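Asker: One letter stands for each residue in the lines below.
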Amino acid sequence: GAVVSQHPSRVICKSGTSVKIECRSLDFQATTMFWYRQFPKQSLMLMATSNEGSKATYEQGVEKDKFLINHASLTLSTLTVTSAHPEDSSFYICSARRQGTNEQYFGPGTRLTVT
Amino acid sequence: GESVGLHLPTLSVQEGDNSIINCAYSNSASDYFIWYKQESGKGPQFIIDIRSNMDKRQGQRVTVLLNKTVKHLSLQIAATQPGDSAVYFCAETSYTGGFKTIFGAGTRLFVKA
Chain A
1 GAVVSQHPSR VICKSGTSVK IECRSLDFQA TTMFWYRQFP KQSLMLMATS
51 NEGSKATYEQ GVEKDKFLIN HASLTLSTLT VTSAHPEDSS FYICSARRQG
101 TNEQYFGPGT RLTVT
Chain B
1001 GESVGLHLPT LSVQEGDNSI INCAYSNSAS DYFIWYKQES GKGPQFIIDI
1051 RSNMDKRQGQ RVTVLLNKTV KHLSLQIAAT QPGDSAVYFC AETSYTGGFK
1101 TIFGAGTRLF VKA
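Those protein sequences? They're chains A and B, same order as listed.
With the first letter of the first sequence counted as 1, position 54 gets the number 54 in our numbering; the numbers rise by one all the way through.
Positions in the second sequence are counted from 1; adding 1000 to them yields our numbering.
Do not rely on the hints blindly, as some may be mistaken.
In silico DSS-like cross-links for lysine-lysine, where the CA-CA straight-line distance does not exceed 27 Å [said to hold, decoys possible]: (1) K41(A) <-> K1042(B); (2) K14(A) <-> K1042(B); (3) K55(A) <-> K1100(B); (4) K41(A) <-> K55(A); (5) K66(A) <-> K1071(B); (6) K1056(B) <-> K1068(B); (7) K20(A) <-> K1100(B); (8) K1068(B) <-> K64(A); (9) K41(A) <-> K1071(B); (10) K1112(B) <-> K1068(B); (11) K20(A) <-> K1042(B); (12) K14(A) <-> K41(A); (13) K20(A) <-> K66(A); (14) K1042(B) <-> K1100(B); (15) K14(A) <-> K64(A); (16) K1100(B) <-> K66(A).
Think of the hints as simulated: they come from the structure by calculation, not from any bench.
Quantities reported herein were computed from a predicted structural model and do not represent experimental measurements.
Bound-form chain B, shown alone:
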């Protein structure tokens, strides 16, 4: 079936460095892609999204890149802070057959002080 997956299950970075979290997806018909942050025991928190007809979108300290040729999505976090430590999920939303959001496997980000 369709799936959204991640290359790296765990990422450890030094405080102040940039972080890059990657994701591969298989449903080329998805309408947009989203990155969520989840802290322990909490629900997912929206970070940034990107429409399928775009290849880059920037937010505050975060950038999402979409490469449709290789079906790859990445989240870049600039100047990573201890508060960024969490699990990050990519997700894809499609409207075909009804609005639906499917989540990828997740990457745990550790930020070392």
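So that you can see chain A by itself, here it is in the shape it has in the complex:
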């Protein structure tokens, strides 16, 4: 159990367009989900914490109007990269905290390429 999925796994979009990435907890409920970004040969950087039914909490330096997060249910959080630019190209990884526990499970990541 405890599977987290992401969709799409890869996406290529043109500069100036928006792209939505979904993160789902498949077999458990997650009151909290997290979004990370990882550039090549670097570590995972926490972007924001997504809480079901409330506004996301963004880390310092992350533009909330550019990276829109919605956590509408206990099994789904979405990250929308608005007006994407080539520098937004990265590997985006979500994780989900199982409700009532400190267990955290990671998704397989989404490779975003902005041309």
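Please build the complex by placing chain B on the supplied structure of chain A, with the hints as guidance.
Answerer: Same frame as chain A, but now just chain B:
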């Protein structure tokens, strides 16, 4: 700011040998520490964790040691196998101000056959 870092960016070991990956952390208030394995193009995979009130924990072929005096964390892999080749990250989780997991810089492990 708070950070979790690694001493060695790359480690090369012979198959069958033991591997030791080190990590330094700075947030003494972290509640527990975790080691993750990441293969190319994939998300992090949980290996083992340790609570801040412990100094050693063993799993299958892996051992994590926590030295709070010098703020040092290590991952020991016994009888390293080619399938262990990956990037390893230490991470720390704290509950203060909300549940949050911060990752260190990562060490790439190469296992030579």
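Asker: Which of the listed hints are broken here?
Answerer: Going through the list in order, the structure violates hints 4, 5, 8 and 10 and respects the others.
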